[in-house]
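Listed here are the chains, written in short residue letters.
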Amino acid sequence: MTATQIDSNKMPTKGAIVSAEEGINKTIVDIFKKSLEKKCFDAILIPVRVPETEAYAWVLLKDQSLLDEANPLPPIISVQGAKALRSLTKRGKMTQNIAAILRPCEIRAAVELSKLKQIHLDNISLISIDCPGAMPLSDYLADPEKSKKIYKNVLEKWGENNSVRPVCHICNRFSLPSLLPRKSEETSPVEQDEANLPSIDLHIGLLGGNQEKIFLIPVNPKGRKILEELELKSDDSLDIWQTKVSEVQDKKEKIRKEFNLELKEKIEGQEKLTAMFNECINCHNCMRVCPICYCQQCFFDSGALTLSPETYLSRSEKKGALRFPLDTMLFHLGRMSHMVLSCVSCGVCEDACPMSIPVAQIFSLVADQTQKSFDYAPGINKEEPLPLQDFLEDEFHEVETPKEVN
Amino acid sequence: MNEKIGVYVCECGPNISERIDIDRVLEEISSAEGVKVAKKFGLLCSNDGKNYLADEIKKEELTHLVVAACSPREHEQTFMNVCLEAGLNPYLFQLINIREQCAWMISDKEEATRMAIKYIHAGISRVTLHKPLLKKELDSIPDVLIIGGGISGIEAALCLAGKDRKVYLVEKTELLGGMVKKFSELLPYQGSNLAVIEEKIEQVQNNENVEILTSSEVEDVRGFLGNFEAVIKSKSNGSGTKEIKIGAIIVATGFKLFDPKNTPQFGYGKIENVLDALEFEEMSASGKILLKNGNPPKSVALIHCVGRNEKGYCSKVCCLYSIKFARHLQDKLPGIDVSEFYSDLCLPDKADQDYFEEAKKKGIHFIRADDFELKEKDGKINVEYKAAGGKKDSIAVDMTILAPAMVPSEDTSKLAEILNLPLDETGFFKEVHEMLDPISTPIEGVYVAGCALGPKNIPESIIQSQAASGKILSSLIPGKKIEPEVKVSEIREEFCTGCQTCLSVCFYGAISFDEYKGISVVNEAICRGCGSCVGSCPSGAIRSKHFTYPQLYREVLQALR
Amino acid sequence: MNDEYTPKIIGFLCNWCAYTGADLAGVSRIQITPSLRIIRVMCSGRIDPLFVLKGLLKGADGVMMMGCHPGDCHYQKGNYSARRRYVLLQKLFEDLGFESERIGLWWVSASEGPRYAKVSSEFSEEIKKLGPNPVREEIFI
Amino acid sequence: MSNVLKIKKGVEQGANELLKFLLESEKVKGIFTLRKMNENGAVSYSLITHPKELQNAVPLFPLMPVNAGKILSGFTLKKAINEPIAAVLRSCELRAFIELIKRTQGSLENFLLISSTCGGVYPLKSLTDGTYKEQVSQYWESAKNAEISSDIRPTCAACEYFIPQQADMTIAIVGKNDLQQECSIFLNTKKGEEFTIGAPGNIVSEDIDTKETAKLREKRQEQKKKLFDELEKNGSGIKALVKTFAACLSCHGCSKACPICYCTLCDFDSKTHEYLPSSHEIELEQKGGIRLPPGTIFFHIGRMIHMVVSCVNCGMCSDVCPVNIPVSTIFSKVGDSLQKLFDYLPGKDIEEPVPFGTYKEEEFTEIGE
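Listed in order, the protein sequences are those of chains A, B, C and D.
Heads up: the first sequence begins at 1 in the working numbering, then just goes up one per residue.
Heads up: the second sequence begins at 1001 in the working numbering, then just goes up one per residue.
Heads up: the third sequence begins at 2001 in the working numbering, then just goes up one per residue.
Heads up: the fourth sequence begins at 3001 in the working numbering, then just goes up one per residue.
To be clear, the hints were calculated from the coordinates, so they are not data collected in a lab.
Every residue, glycine too, gets a C-beta built ideally from N, C-alpha and C.
The reader is advised that the hints may include incorrect statements.
Stated by the list, open to error - Taking lysine to any residue and the SDA-like style, the derived pairs with C-alpha atoms no more than 20 Å apart in a straight line are:
id	chain 1	residue 1	chain 2	residue 2
1	B	LYS1004	B	SER1046
2	D	LYS3125	A	GLU22
3	D	LYS3360	B	TYR1508
What the hints assert, rightly or not - A few chain C positions that, by computed beta-carbon distances, are all more than 10 Å from chain D:
id	residue
4	THR2006
5	ILE2030
6	PRO2049
7	LYS2058
8	HIS2069
9	GLY2071
10	HIS2074
11	SER2081
12	GLU2094
13	ALA2110
14	GLU2125
15	LYS2128
16	ILE2139
My request is simple: use the sequences and hints to build the entire structure.
Here's what the structure looks like:
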């Protein structure tokens, strides 16, 4: 089975239900204030609104007062959380205990990066949250106030309000526990053997709580310990949450199928794709914001592709005209080949594209297909090796040349 | 990280121990990351101290050494040698200056101690980033190029050739001897007989160690101490060029005379029988001191300091040779009336004074004056002047001899460019230090001697040539390798974009551009490690060894702890 | 601001003039307020403007650059490059509304121990007046 | 006064006419200019070698997808072109190209440089959201009347260097009230004149600086002042910078799009400026909180230190910024004053050394004493 299908029986069944009269945000923030008091963590990584602005930035904080402006679920993804985490631990592990509250796609990117030794997850508790998706950066920047209102509605009408980004609208990995690896079909993530702990310790469930309560869901012993330290009992039933998750899941799966079919229509075939990338100005913003593109020096920036003027002239003479910047197509497809197996469809590339090319949609479509063919789900299981760092002897016979020809 | 850092604090007798709480320092830093031992010692620069350090390095198997003592300007080398003999690369060591900068400068012991701890912490976190650097050794060529075949050049050539050095003596004109060759005679107490000069010229010509290249000019010079390459262009034999390899260079290009035409009031070039000093030297050398009309002059005026105001410096020798001229005239043309017009008399050497007094006795008039105006007046030259008292006066004479200022010889600036040497505001070559290092230039292995540095008399020029030769003989020893600076700049190819900004800020020409790779390249033998290029590189492609960004950044961070 | 406050000042000193001058100040037992942390570089030309910037953004209250007097540079002209870079920083900080008073450049020769003590003490006083670098509190830089 | 080639056609057709002539007469091997890519108005620079492709050429189209100076630098990075190519660029692109050449990032050799008195360009956004379509209609009108056309990029509206330096030919647009009837091409250099021998149209003698250009320059200068003053609204000092760069994604797209940022690997993207976890923890201790990724302000000011004396205010940085930070405004403000300080106008004179590759002994003598 591919990791994308949900089997709600296998989801964690017990957790803590916390009422949220003061609003989801405040409730969550208070919990983490408490976690600092109780010394569950030394510091917390969470998006914080920059004072006197509408911008959000990742802040690693000890000082509780900074949590007042924190927002675990801002209307936008500014910097992809995994990138923030990478900037923290690329050169080694933290000595302090840190809780990182990330969206599912950010967690998954972080896990991919840890496989690529770009992030050291030691001493870091990854905490995920049900994610209704994020709004397009440009929409938010155009009118933050309006966007915030819309986003409230997004949270209420989960999965129906499509003012979120296309990749979010079709995202079927909005609730991580549903995807976590298990020792066997029967066990829920919590009963993992230590050796194969899921990437997250704790999950914050929003679905089914319709703004009145939230679910704190431990997915491993460490998660349970955290709840204990927070003096929260973790034996409330999670039925409402589960049912809601699978309900939304079904909806999403449908939208996703239709959407991708249409998209396929739009981009399949060289000409269509070329036309799509014809507007690319080669700024490489997409690569620069992509969490998976971790290279210090991108091959496509390295100047390795610079040729002599004569070559350019003769290339131009073949077609009558040669477009500059060159190799935009090569860049996108090349980049794709480098990272698409780990693409988590977080959509930041599309947000950052000054030419509004639907990069994320295209990449996520391709990712879908390629990842299926390797039965690989990026960022779900820390232990699952990267497809291209691993191979089975008994695979892909269809691409082999027939052994005997008669 | 598995460093084993040893930190040793020197008590420096009472100097440090009394003003810094060393025990507190030790207890503070012993816990720092990577520190294996932290100890104190009475006087680390003493022999006991050095032996103690060496033993410690071996005993504790230290990977890095930090010594907190005096200024690196005082004992860095001392302790680096200790490392060397103890088998630790001397660049894995850091000397922390807690004496000058803490003990001696901060009165409050508390504060001084706190500051010392800061410095040592910085040193510790810095030293872990040090890279072992290796001394390089290069073969050197003992041969020498001397530019300028005047008396200075000749003297230098003889000194060096005398010690069996191959010398290339390059002279622009057809013959050796330079200015002196034009003189009629020397000062009597210099052994007035010019033959001594002729002898020297002969000696050079007959010395098989000296290759004389007359009618030749230096076109290009590349390289560094011990390994220069020079291109010599010969004007005579069909302008062929010659490549020579030498280890050191002496510039002895001498001087020329200020052109009196630039000071019209002296009428030079307009009024007949107004000569400059050299013209008169040649005239008297020829033995015929005559006016244009063929008659010997009955009266002569000698005017000093021509162009001194324009140039702004005294040319030192004019007073004496003008007196020499006057007495020469008296000897050759008895009864002649000679007047010396001076504004200040410069008689620096011990014999000069007598020589001057004698001249006065012999009836030569010495008139202190300025504001000259020379006019032609019925066949004679009327010298109008303002006398010392301020009263205007004039005399009429048959002949006037001007003593123009000494100025840099032709193409001094061109040569300066080729050799990448600085000139001073007067246009002469600039020495490293007028008092302490008067013949060296900023370029190792290149020296300047004689009037190329400024006005000088013959003895001074000869002294400088001998000095330059001595420098070369002592620094450039045949068979002995030279050790270029180790803390030089290096370029990380993969980061270099080839914008060549670094070339423009390197004052030693140590960086060149590799057209093929499209990147800059440092010649480590020329680089002096100043790091200007590093500060100028936007790509962060250049690193100055032992002063890298991370190493300095560590110091910054620690400073702000 | 209390009297206890001693500013954190970083000084980049060239090895040949400024640093030697600083040593001389010590040798002459001239007492100064312990606010300056010296970082030795071979030449003032080595002082990368980024060091100065980094220092300030990391919370230094002031940054001093010191080198040989014009014309006396041990490496001929390094200090002229340093001067241009300093002028750049000065103006740039002004334009950005930074307190450009927090950086300074001084020529100090090997024999100018007293001058070293004087300029560093005076600068330290100036900085005291300015108070701590606001950047220290700033989280979102 | 210089010679002007007058082609009796609207300025845009006239320009194409010129290019057509140059290519067909084989005076040039190819033409580097903007070309229409599709119907929704996407344009990109192209090297056109066949006359038939010229039908899509839009040399004066008021959009700047990339700074052409950067492109030409990459084009001639390995070596200079050995056959003549005509390149149509805007004033700021030409200046950028020249700054790059000073840093041996390309070569002018064999280029026939064609430029125009620039009416400015529209932001890339106006292309992606289609708004440029109605805007462009009044573009030529305002150019003709030496007005600042509304909706062009703020940087352009505040640009006083719209009369190109060092171009062989300059197509006059600003203040040409006969735009629709004729195209005036100023032949600034001998080269320009040689290449137009036999070209359609007639030669007259005119001056490129007119009352109108002066008028526009004045307006743009006013606009510039306004623009710079707007920066003050965030206050000044570190607080202001933090506010301005609050939304920065650290994507460094500004430096990638900047023509002057020529480094293959930007120093600020290199390991040199990576943080060890320990130094993060030190700072966390000191401040109680740290922004991640770190060094947002350090990057922007650092980049400024590296390139701002050569900044040509082309505005690409602002155009590609995903979070609408007015990067170019800040950089032109600082650039302006620093360039004045060093008496240096980037891209004006190819012989003029870059301020930090040189110095004068007698300058700034009051400093350090």
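* Any hints this thing doesn't respect? Which numbers, in order? -> Hint check: 1, 2, 6, 7, 8, 9, 11, 12, 16 fail, others pass.
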